[in-house]
Each structure stands twice: as C-alpha cells, then as structure tokens.
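Taking the hints into account, I'd like the entire structure generated from these sequences.
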Amino acid sequence: MKIVALVKHVPDAAADRTFNEADHTTDRTNVDGILSELDEYAVEAALKIAESGDAEVVALTMGPDAALDAVKRALQMGADSGAHVADDALHGSDAVATSAVLAAAIQKIGDVDLILTGMASTDGGMSVVPAMLAERLGLAHVGFVGELNVEAGSVRARRDADVTETVEAALPAIVSVTDQINEPRYPSFKGIMAAKKKPVETWSLADLGVDAGTVGLAAAWTTVETVTKRPERTQGEIVTDEGDGGAKLVEFLAGQKFV
Amino acid sequence: MPFELSAEHETFRKVVREFARAEIAPHAAQWDLDHHFPVGVVRAMGELGLFGLTAPEEYGGSGGDLTSLCVAIEEIGRVDQSLGITLEAAVGLGINPILNYGTDEQKQRWLPDLTAGRALAGFGLTEPGSGSDAGATSTRAVLDGDEWAIDGAKQFITNSGSDLTSCVTITARTGTTDAGEPEISAIIVPAGTPGFTVEPAYHKLGWHASDTHPLTFTGARVPADHLLGARGKGFAQFLATLDDGRIAIAALAVGCIQAMLEASVAYANERTAFGVPIGRKQGVAFQIADLHVMAESARLLTYRAASLRDAGAASAAVKQAASVAKLQATEFAVTSTRIATQVHGGYGFMEEYPVARFYRDAKILEIGEGTSEVQRLLIARGLGLPVE
Ligand SMILES: Cc1cc2nc3c(=O)[nH]c(=O)nc-3n(C[C@H](O)[C@H](O)[C@H](O)COP(=O)(O)OP(=O)(O)OC[C@H]3O[C@@H](n4cnc5c(N)ncnc54)[C@H](O)[C@@H]3O)c2cc1C
Numbered sequence: 007m008k009i010v011a012l013v014k015h016v017p018d019a020a021a022d023r024t025f026n027e028a029d030h031t032t033d034r035t036n037v038d039g040i041l042s043e044l045d046e047y048a049v050e051a052a053l054k055i056a057e058s059g060d061a062e063v064v065a066l067t068m069g070p071d072a073a074l075d076a077v078k079r080a081l082q083m084g085a086d087s088g089a090h091v092a093d094d095a096l097h098g099s100d101a102v103a104t105s106a107v108l109a110a111a112i113q114k115i116g117d118v119d120l121i122l123t124g125m126a127s128t129d130g131g132m133s134v135v136p137a138m139l140a141e142r143l144g145l146a147h148v149g150f151v152g153e154l155n156v157e158a159g160s161v162r163a164r165r166d167a168d169v170t171e172t173v174e175a176a177l178p179a180i181v182s183v184t185d186q187i188n189e190p191r192y193p194s195f196k197g198i199m200a201a202k203k204k205p206v207e208t209w210s211l212a213d214l215g216v217d218a219g220t221v222g223l224a225a226a227w228t229t230v231e232t233v234t235k236r237p238e239r240t241q242g243e244i245v246t247d248e249g250d251g252g253a254k255l256v257e258f259l260a261g262q263k264f265v
Numbered sequence: 010m011p012f013e014l015s016a017e018h019e020t021f022r023k024v025v026r027e028f029a030r031a032e033i034a035p036h037a038a039q040w041d042l043d044h045h046f047p048v049g050v051v052r053a054m055g056e057l058g059l060f061g062l063t064a065p066e067e068y069g070g071s072g073g074d075l076t077s078l079c080v081a082i083e084e085i086g087r088v089d090q091s092l093g094i095t096l097e098a099a100v101g102l103g104i105n106p107i108l109n110y111g112t113d114e115q116k117q118r119w120l121p122d123l124t125a126g127r128a129l130a131g132f133g134l135t136e137p138g139s140g141s142d143a144g145a146t147s148t149r150a151v152l153d154g155d156e157w158a159i160d161g162a163k164q165f166i167t168n169s170g171s172d173l174t175s176c177v178t179i180t181a182r183t184g185t186t187d188a189g190e191p192e193i194s195a196i197i198v199p200a201g202t203p204g205f206t207v208e209p210a211y212h213k214l215g216w217h218a219s220d221t222h223p224l225t226f227t228g229a230r231v232p233a234d235h236l237l238g239a240r241g242k243g244f245a246q247f248l249a250t251l252d253d254g255r256i257a258i259a260a261l262a263v264g265c266i267q268a269m270l271e272a273s274v275a276y277a278n279e280r281t282a283f284g285v286p287i288g289r290k291q292g293v294a295f296q297i298a299d300l301h302v303m304a305e306s307a308r309l310l311t312y313r314a315a316s317l318r319d320a321g322a323a324s325a326a327v328k329q330a331a332s333v334a335k336l337q338a339t340e341f342a343v344t345s346t347r348i349a350t351q352v353h354g355g356y357g358f359m360e361e362y363p364v365a366r367f368y369r370d371a372k373i374l375e376i377g378e379g380t381s382e383v384q385r386l387l388i389a390r391g392l393g394l395p396v397e
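First to last, the sequence lines map onto chains Z and P.
With our numbering applied, the first sequence covers 7 to 265.
With our numbering applied, the second sequence covers 10 to 397.
Simulated from the structure, these hints should not be mistaken for laboratory data.
Treat each hint with caution, since some may be false.
[As the list claims (entries may be wrong)] Here are a few chain Z residues that face chain P, going by a calculated C-beta distance under 7 Å:
id : residue
1  : Val169
2  : Tyr192
3  : Pro193
4  : Ser194
5  : Phe195
6  : Lys196
7  : Met199
[Claimed, not checked] In silico EDC-like cross-links for lysine to aspartate or glutamate, where the CA-CA straight-line distance does not exceed 20 Å:
id : chain 1 : residue 1 : chain 2 : residue 2
8  : P       : Lys23     : Z       : Glu43
9  : Z       : Lys196    : P       : Asp113
10 : Z       : Lys203    : Z       : Glu62
11 : Z       : Lys54     : Z       : Glu153
12 : Z       : Lys204    : Z       : Asp86
13 : Z       : Lys202    : P       : Glu17
14 : Z       : Lys114    : Z       : Glu141
15 : Z       : Lys204    : P       : Asp122
16 : Z       : Lys54     : P       : Glu19
17 : Z       : Lys196    : P       : Glu56
18 : Z       : Lys202    : P       : Glu13
19 : Z       : Lys202    : P       : Glu66
20 : Z       : Lys196    : P       : Asp74
21 : Z       : Lys202    : P       : Asp122
22 : Z       : Lys196    : P       : Glu19
23 : Z       : Lys8      : Z       : Asp86
24 : Z       : Lys204    : P       : Glu17
25 : Z       : Lys196    : P       : Glu67
26 : Z       : Lys196    : P       : Asp122
27 : Z       : Lys203    : P       : Glu27
28 : Z       : Lys196    : P       : Glu66
29 : Z       : Lys196    : P       : Glu271
30 : Z       : Lys196    : P       : Glu382
31 : P       : Lys23     : Z       : Asp22
32 : Z       : Lys203    : P       : Glu66
33 : Z       : Lys8      : Z       : Asp250
34 : Z       : Lys203    : P       : Asp122
35 : P       : Lys23     : Z       : Glu141
36 : Z       : Lys204    : P       : Glu27
37 : P       : Lys23     : Z       : Glu157
38 : P       : Lys23     : Z       : Glu153
Built from N, CA and C at the ideal position, the CB exists for glycine as well.
Written as structure tokens, this is what we have:
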C-alpha cells in the first residue's frame, strides 16, 4: 500500500506573521517556517497505518526551497521518502492551482492508495485543497476525520463535521484529518539521523507537465487587495459580582450581540 | 575543531525544545511545589528516545553521541533542572555502568527498559560517611554460596526509589587486596530485593521533582552473577563513569544559565523603574551582558569536552576538558541565578517566577558528581602538580 501525506510549510503561528508589501502574499522569509501542525496529524495517521501493516509513506509538499523542511520533518517522524514541487512560477498560487499541481505530483508518484492531509493549513485555513484534489483525481473524499481504519480495499472513517457519521470509502481515496485523530510524535534523534539518507525528489512544473501560465499570482482566481494589522487586543472588562453578576454578564453579552 | 554543532544536532535541539516547551514548562512550577516526580513525562521523554540516545541500537538505543545527549540535557534543563538531572543520572549513572561493564546477559536484562525510559536505574556510590572520598566505602558484600549478602547504607541516590526504578548499582567492599587495601566491587541490586530498603525521600533545597533517597541494606541477597564488571574493579569503573557524567552535568548547567539569560532579558525590557525599562540602566544591562558571556563560554567548554569524547581523544585530555567544563559551567550557573534573581528584584524571590526555582536548583550543580574542590584537585593533578 502506498500512502501520500500532504505536508505544507507554513509560517510558525507562534511568531509574528506578516504579508509581503508588494503583492500581499504571505511573508515566508522573515519568519520561521514549520510543518503545518494540522498536517502533522496526517503524517502521524499515515505512519500508524504503515506500522500496523505493510505500507510506504511518501511526504509531498509544494512551495519554495524552504518548504523542503516540511518534507524533512515528515521524514524525521518516519515517512519513507519525499517529493517537493518547487518552481518560481508557483509564487502566489491559489488553492485551485495548488490542487492542480499536487494532483499532477500524485499522478507522477503513481499507484497511490491513500492520500492523507490535515483538515486545513494553519496559514490559509481554507480547507478546500483536499476536495479539489479529489475532484481532479476522480477519487472519493472524506473530510474532517477523527478516527480512521484501513480495511481491505477501503477506509472506514468517523467524520466529525456538523454531525458525526461513519463513512466508508473505496480506495484509492483522499482523507483529511482533524486534531482529534491522534497525538503526533516528535521526531527522535534516530529519526533525524535516518532522515538524512531518505530519498527526496524535486520536481519543477515542467517535470509534472503543468503549464506555468495556469499557476501563480497572475492566474489566481482570488486576489488580496489590502491587508490591515489585527488591532491590539484591548483590556478585558472585569465584572465584579455584587449580587448582580449574572445580570451584568448577560448585559455585556447582549451588548456585544452574543446573545 | 568546528565551533558549531552539526545540522542534525541543531534540528534535534529544536525538537527537544518544542517538547520541553509543550510537555514540561507548563507544569514545572507545580511539580516543584508538590515535590512530584512526573512519571508520565519521564516516559514521554523515553518515547522521544532521550534515555537511549547514546546506547547502541541492539539495546534499544539510537547509537548517538555524547554531544546529542548534552543537547537534550541542556534543553530539558533550560525549563526544568529536576528533569534535566533525572535524564543525566539515568544515562550517566544508570545506563552507562551496565553498558560499559555488564555481561551480555546483564545488558539484555536491564538495558532495553532503561534505554526506552520504561525503567530507571540508580547508582549508589556516596555513603553517609564518604562522598568525595568515595574509596572509603564501608558497605560490605560477602559472597555466601552463590549469593552476595550486602550490608550498609548509601546516601543521596538519584532515581533510586521512583515508581520506574528497576535496579540500583552499588559499590561495596568485597574483601581486601593483597596490598591490604579495601577491594571495591560494583553489584546490581534489583528493586524490591528483600533487605534492600528505599528510605523516604529527602527534603531538599532544590531539585524537588527529582527522586533522591537514602538506601539501606540489611542482609540483602542477590545472585553472584549480579556482580558488575570485574571483582575489585569497582573503584576504577566508577571513576571512568564519572567523566562522561561531568560533561553532561556541565550541559545541565548551560541550560540553567541560558534560562537565566532569557528570563533576565525579557524582564529588563518589560519592567520599568524611574520611568524607563530597567534594561536602560547600565547597572542592570551590564549584568545581563555578563550572563550572555557566561552562557557562551560554558556552552563552548561543554561541547568542546563532548566533541573530544565523541572524537575518541586520549582519556587524559577528555578528563581534563570534562573537569574544566564542569567546574566553570556549574559555578557560572550558580552566579547566573544570583544575577537573574537580582535583576528581578523582589519578584525574583517569589515562587511565581521561575528564577526563584532555578536559584534553589543551581547550588547542587557545584556539589554533585564531584564538588568544585574535587574538580580543581583533578585539574591541578592533570597539570602535574603534586597536590594531595
Ligand atoms: C541531590 C543529590 C543527588 C545526588 N545523587 C547521587 C547519586 O545518584 N549517586 C551517588 O553516588 N551520589 C549522589 N550524590 C552525592 C554527591 O555526589 C556527593 O554529595 C558529593 O560527591 C559530595 O560528597 P559529600 O556530600 O560526602 O561531601 P564531602 O565529601 O564530605 O565534602 C564536604 C566538603 O569538603 C570538600 N572536600 C572533600 N574532600 C576534599 C579534598 N580532597 N580537597 C578539597 N576539598 C575537599 C568538598 O569539596 C566539600 O566542599 C547526590 C547528592 C545530592 C545532594
């Protein structure tokens, strides 16, 4: 069985994240990048399946040179090999273009049985790439999965959306997972040393046969026109309970239109 | 000699830092207050592979180097000195003697659980009447049939009475040499052996979340094959064991200094007095500059000693570098906690701020695994001085 885990390299959410002034794309140079935390759950889910059966795990990323770090982290956690799509023309790509490029990369990897992704990236947070990818590849898609079991030729998944339901899908399939599915492991020293020797392929758009004119900022279906800094957090309001605490709380919540 | 750690060591440092920030830092103050030994987190450190870092793969280890262990101890010690010493002692005093001197059978029996962090081993050298003068051991072991019968007491033994402790290696007099000197050997005593009593934990100044006990032996019997290494070689064995341990203790001190530096920089930028951040005052800023110098120099000495060891340098050179690093790093650590507490003013004396905990924790660094005086003695001897 071959599993592809999609791993996105994102700016560390714990740091001060900004946008590039020129084109309002995410600033990736002035902040530490990490493997999107939500994708760590996908990598862990893939490794768990691999450990309980016979499966190979490929970590796939698309992004600038630094994005290779996301693949490395997955390899350090235990993935077997990596693939990195890097091309200057990709700068500013939207979800539509991203899904086209990843679909081409998955086809190039070939014979993939299961594609695992996080439920969203921690930077863009759109949650659309998995479904778009499924559409492009003609595969079943199960999103927001909190529990996953692989059976012969299919997956059985607990989907935690508005309602919780158990869904079965024939393989090959795409499954996006939530942070409820597992507790991602930290890479061990052994894993870090072993990762040095694991194979990583680097592909350009030409390698994948994707037309550079269909990706990047110019081809994007959405544009970011302006960016404003989130206002500083204001001091909270402290309600002193003088017997009328409950009423005051309701008054506050109603004033903010919460109730 | 390179002055930078390898990319893999730096990646590993980031991972341990992430782990320490997420799993240890939020609870360190409470564990200290409760004198609580956090078994769950020790197990998690085991899953991360920290206890098995330097052991070979056949015993469940990672086959890593001393440098990687120093990185782990520094990063754990940066948020919690108690867990830093738990790791240092588990490897340096628990695993290493068995790994270096054990028979294949002893290694197979004890190491897999120890390297996985599922179990801990203690090393009992110090006694109520002998510490620095460890050769004066008075605990006795007599070979009676095919068993050792052990009588005596050990003092201040780390990781000796936790829920995870599987055994304690002790030194004991097993006879008299031809030259009339006491013959000292090392023996592995499994936890739970009748006659081996783990006394209640101490009330310590610091390292509250680390497990330390007095041990008593009254006719405790273990099979003859629990002898560790050659009979009569116990003294030489533990001296060799302590070299690596000194470098690792220096790494724990580096973590302490780094923590004091970071806490002081943050506080001096945020606390205002006389209308300006206190960091504007040279009297404060210069002390913090000194903290940075201490962190850098202690770190260099420590990782230089570790890299000598990893490169297989001559043992005299490693010994000297280990003592120099241990002496300087631990004395800087104590000084750094004094400075950081001073920078924090009255708040530094309050347990709400980690500096107060580090202030209490640091002092033992100058005492354990060879006091500062013992290090100076060793360094002077290394220089060829006839110091007694
Ligand atoms: C929290 C804690 C954990 C410990 N864990 C362990 C453990 O796991 N295993 C273990 O075996 N031990 C352990 N120890 C013991 C520790 O290693 C000893 O306390 C230390 O070696 C000093 O021995 P001592 O306490 O007997 O002091 P002493 O040896 O009595 O020293 C008292 C003073 O005299 C000085 N002195 C002694 N000899 C000389 C000399 N020749 N020249 C100059 N000055 C000298 C010393 O430097 C010191 O200042 C631990 C101690 C503590 C406090």
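Numbers of the earlier hints that this structure fails to satisfy, in rising order: 1, 9, 15, 16, 21, 27, 29, 30, 33, 34, 35, 36, 37 and 38
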